[in-house]
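Student: From the two separate chains plus the hints, produce the assembled complex.
Chains as they are written, first to last, in numbering that gives the first Met the number 0: chain A, 0 to 169; chain B, 0 to 583.
The set of hints was computed from the structure by calculation and includes no laboratory data.
A few of these clues could be false.
Capping the alpha-carbon separation at 20 Å, the derived lysine to aspartate or glutamate pairs in EDC-like fashion look like this [stated by the list, open to error]:
#1 B:Lys179 - A:Glu78
#2 B:Lys88 - B:Glu98
#3 B:Lys129 - B:Asp107
#4 B:Lys488 - A:Asp60
#5 B:Lys113 - B:Asp78
#6 B:Lys179 - A:Glu116
#7 A:Lys58 - B:Asp495
In silico negatives: residues of chain A with every beta carbon more than 12 Å from chain B [stated by the list, open to error]:
#8 Gly63
#9 Tyr73
#10 Glu78
#11 Lys101
#12 Ile142
All C-beta atoms in this analysis are idealised placements derived from N, C-alpha and C, irrespective of residue type, glycine included.
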Amino acid sequence: MRNKILDTSTLDKELLAKLDAFIDSLEGDKQEHLIHVLHKAQELFGYLPQNLQLYIARKLDLPGVRVNGVVSFYSFFNEKPVGKYTISVCMGTACFVKGADKVLERVIELTGANKNEISKDGLFTIKDVRCIGACGLAPVMTINDKVYGKVKPGDVDEIIRHYRSIENES
Amino acid sequence: MKLIGKMIQLKINDINVTVEQGTTILDAAKKVGVHIPTLCHLNLEDFGVVNKSANCRVCVVEDEDTGKLVPSCAQEVKDGMRIQTDSLKAVMGRRTNLELILSNHPQDCLVCVKNLDCELQDLAHELNIKEIHYQGEKMSHPKDETSFGIIKDTNKCIMCRRCVTMCNDIQTVGVLGPLKRGFDSVVATAFHLDLNQTSCTFCGQCVSVCPTGALTETNDSPKVWRALNDPKKHVIVQVAPAVRAAIGEEFGYEPGNILTGKVVSGLRRLGFDQVFDTNFGADLTIIEEATELVDRITNNKTLPMLTSCCPAWVQFIEHQFPELLDVPSSCKSPHEMVGVLVKTYYAEKNNIDPKDIVMVSIMPCTAKKAEAARGELNKDGLADVDHVLTTRELARMFMEASIDFRKLPDDEFDDLLGESTGAAAIFGTTGGVIEAATRTAYEMITGKELKEVNFKQLRGIEGIREAKVQIGDLELNIGIAHGLGNARKLLEDIRDGKSKFHAIEIMACPGGCIGGGGQPYHHGHTEVLLKRQIALYNLDESMPKRKSHENEMLIKLYDEYLGTPGGHLSHQLLHTTYSPKERI
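Chain B on its own, in the form it takes in the complex (with noise of 0.2 Å):
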């Protein structure tokens, strides 16, 4: 039960307001309708996440009694204050702070990649900025575009550190932190190396928290155009299940809208020889790791089992945890399923020579471009998948392409590696995974038909759940994480010998993948994302069937190809390794 703190009357702008002590005048002012404009502040209250550094001073509002611009967003509530957010002081006191982060920002804006999607630049119109009246010293870093799954430029840094407390406080990776003093402050890597040298995972929630255009996804649409033009190539996407439930909000829809079909047929117009689901790939990935998670219950082998369809999340498994390399399962991630299949299965079906195959994935990851560059997720020196586009790269490809999303129809996916249950739909987020695979594991186990396959015990948005199914006579102890600070807390119980789990749902980012690195921006609004969670879980309650080994594909390519699951074949295809990596 939360208590109930002493009481605080001040006036917001004459308006009077009462508020519980230690409420920010910013949130005072919210309650009352008075909007203060902010830059670094960033509170996504739903996921723990609190950005508070008070550092920009965007923020500042007037204090009648002293005369003096206070930061709202970190300073609270006093009985009897007198606020003005809005008199000559504060607007100019605003003006002034934002043109002076204005004045080393490169300022390339028709260029930019957050060109029409960055906060600064919204801040400079709301605040009628026409004119930057200093000339200062501009910082000259240089641009890591090292690694393959984020770009930083740290010339458009405001040193908000959005990024470090994702990084740090969220994420535990411990990456990204301020280093030097003064003017030479930067936000950057230990030492400066680049991205690829540290123990980055590319989960991607810096991009997703940066107000501005200094971490951005790297921009992989251009290798795609090529292929796409290039008559000898066959080219191949599949679609990620989270990607469906948010693409519409950079076209205008409200979040939470399952657009599927549109973005279907926006792929067949943008040329794409064949269009493939991941949840095809999602409902493969539950068959093979039940079938482990069975295996190592009834064999008594390594418990407990860890999902692995999340790449930021196996990164930082290698980097921080390299010890417990055989606690997640060997299970490729479903793109990259779909993606062995496609130069295989696919090309043997079509005679067409996997060299002449390029396979694009749609995905809302930065993780998923770097995990496709992984060595180990190769067949005969064939990368399984070869290029990775982010939900937002996508958008902007429709957009260059002049293809008007909201007007496209519905279309289905193709055939071979298209169809896909509910289970499949809900991968798109925390607990979504380990849902499907005790909708399977319980029918494996039991041999008995599952009735009620809605576990909602394993659902919500809570850092770290847990919950207990009966199957049969086992009783599964099942926990689940997203957000990799959370995920290490159950690493640290399994590292000591403590956990009581026989299966871990870890997913990297905050909600899971509808809260992805790669997501359109959700600028701090935490509903966003649980739309997006409450789209997949009404899209799995649609389809007409919603357990994963129901998949006719699926059962057609187990007894035309692969034999049975977890057997030699799927072995070779569909499972991978894993190797430990340094922490720096």
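So here's chain A without its partners, still in its complex pose (with noise of 0.2 Å):
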């Protein structure tokens, strides 16, 4: 192995059998579902990692470049460890002119973790997202799969405290 990074061997053999088990129910041509692959992915192991894509590639039989392609166009997929919580500020164009920007400064200060970075408890990820179409909720945040609207930069400090209080609680 020349690189170590790209060494496949290391993965969670129980997530893989799980991956395996679903590309192998999948009909037809199995390039043609390399998102379903890459969603499903991610879903089981949280981001994908530079092995688990070329793993990926291996098994659908398709060039490691053409996975790291669209692994790397959309915004969605992580290619690295992401906290427990992925906070998406929306930055469309109109959360931005109701002041997304301002809401997005205030997550990075609370959570001390930089846009597209990890914070140091590893509790959150930082992302700035283009439209999630919800307009009329503008500004809007997402954290996982749950929606905050009309969010102003100051109801930040209660919700960042709200996961914060699970986690200890935990």
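Tutor: Okay, here's the thing in structure tokens:
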């Protein structure tokens, strides 16, 4: 093995078995399902490290660069580990004019993590995303699957505190 | 039979044009002699290579009815269309698009290896660009100089995708592709790996179509200059078959001029101590390879046997079909054979310590650079070949030394490893190696003289060809593929047990070595490659001997030194091994 980052043998065997089962269950030309497979892989592993991308490429008989091209194209896919909670602040036009940048600024201040970074406690990953299609609620922020609408910078403190307290309790 | 589609009538610059439905505006314009500048567009029709990404927008023309600019390379003609290629809107549109491309370009043209051979530079001149009005952020990617064959300077990339088409669609190697998006988008390897960490074959087809200096060969001439100027070193050079048919193009000759004599005298002027011919190695390869083929057929060993002269192809099978490593011939490639003989046979005969010899190969190829660095290809820690220069690099060395190539006299190769036959001459084209092998195998198997040496059924430029050759009682099934995508098809058949061939010739580059990644740039003109091919067949016709086994210096080499073809010493020196590699 010339490059450790690409060593697929270090991937979690149990999770890989689940991914394999998913790929095997796909009908028709498996290469056409690349995006589905990547979604599933990210759901299982939390993110898409390089060796996992390579594993998928080989499994689907695609060049590694094709898989990496798709993964790096879509901001939904993470190539780096993510925190337990992904905070996505919408920077689409409507949210932006309603002050999403101030919201993002506050999120960064409170978590100590920059855009596309993970906070030191491993709890939060911060993302600025393009329009998520909830312009009526602008400015919008999502934390994992939960949507927060009409967020003011001052609201962010309470929201973050809420997630920290869940962690402290567990 | 090709069906003729509906005919479309349109006007281009007020000239009436009638073309088949589905024709692009660019091709329709060409038909009536109207030139439209292009950049990303590439069409090597004869070799099935088309890049129609339509993303540089340099070929825009005005559709008079809509007043809009359309990319002529991709837009198909419509009935009654009126196109202006020289309206102010079209001219300014092209200029703006090119200026935008240039605004993100390093513009270090004076010291760029592609200076005066760059399609972007030519266009800037053609479109009369004297100032760039846009000052934007520039890319700042590190330059990948880690491999032995290719340098990738991403900052000079204009995202035309020609290399992506070559690497993926034609060669099916799949190393280069687009990553990320928007301003960050880039043509790169997976995970931005260095090329030598990927399954790159170093065929250099990306280099041969790159319009700028984003992909070039590694520059090995400084090492050769140093060796030539080291009085302790005995510097020996050899020249590959396809180089002589192409190097003239760098000095204003028409494609298809064979200029062996000038190359030889030019190399002597540069100071090489001996000038040998890779064609000698080609003849030697045929003896060893034909012996191996006859052995494999008569003793029921692994078939088909695949030729192994092309290092990009060897690299390809190691990465992509590691389970098939017993099918290629174990023969080293011709220049490696010459290299090892120089450091053994020649060194012993002339009482020179092989450690003092520097072996340089002039090749049409970037993969030969990577091949020379392979660990398998050395004897007692000494590489068979030390440095490989491409045809282009040699031309640049001649220019650097102010050698007037056109005025050089014709010289002959040095004796010991300099003789060659017509069979060796055609090594440089697709079909040539297997034709040469067939000439020798015929006489080896039947013991009779082969009267008609031209096997026309093996010639041509179709990507995959097959032919039957009757050799005594044996009907030999021969397959030929050039371009790695075509090779892949034959390999899949072998893997699936469906191959009917006894022998297959594979060359990685479209056309064979005449179209190698180290040859003078063809800039999309296929006829250049075809003329080089014709030149090699004409050279073969003109040679007094046309069968490798009739090469007298070769017979002497076996008598004096090697013993028998395929014998112990031959195996030790002239054969090699392959190892499985990863696919990335």
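Student: For each hint, tell me whether it holds in the structure or not.
Tutor: Structure-based check of each hint:
no.	hint	in the structure
1	B:Lys179 - A:Glu78	12 Å, holds
2	B:Lys88 - B:Glu98	15 Å, holds
3	B:Lys129 - B:Asp107	15 Å, holds
4	B:Lys488 - A:Asp60	15 Å, holds
5	B:Lys113 - B:Asp78	42 Å, violated
6	B:Lys179 - A:Glu116	18 Å, holds
7	A:Lys58 - B:Asp495	19 Å, holds
8	Gly63	4 Å, violated
9	Tyr73	9 Å, violated
10	Glu78	9 Å, violated
11	Lys101	24 Å, holds
12	Ile142	25 Å, holds
In this structure, the hints that do not hold are numbers 5, 8, 9 and 10, in rising order.
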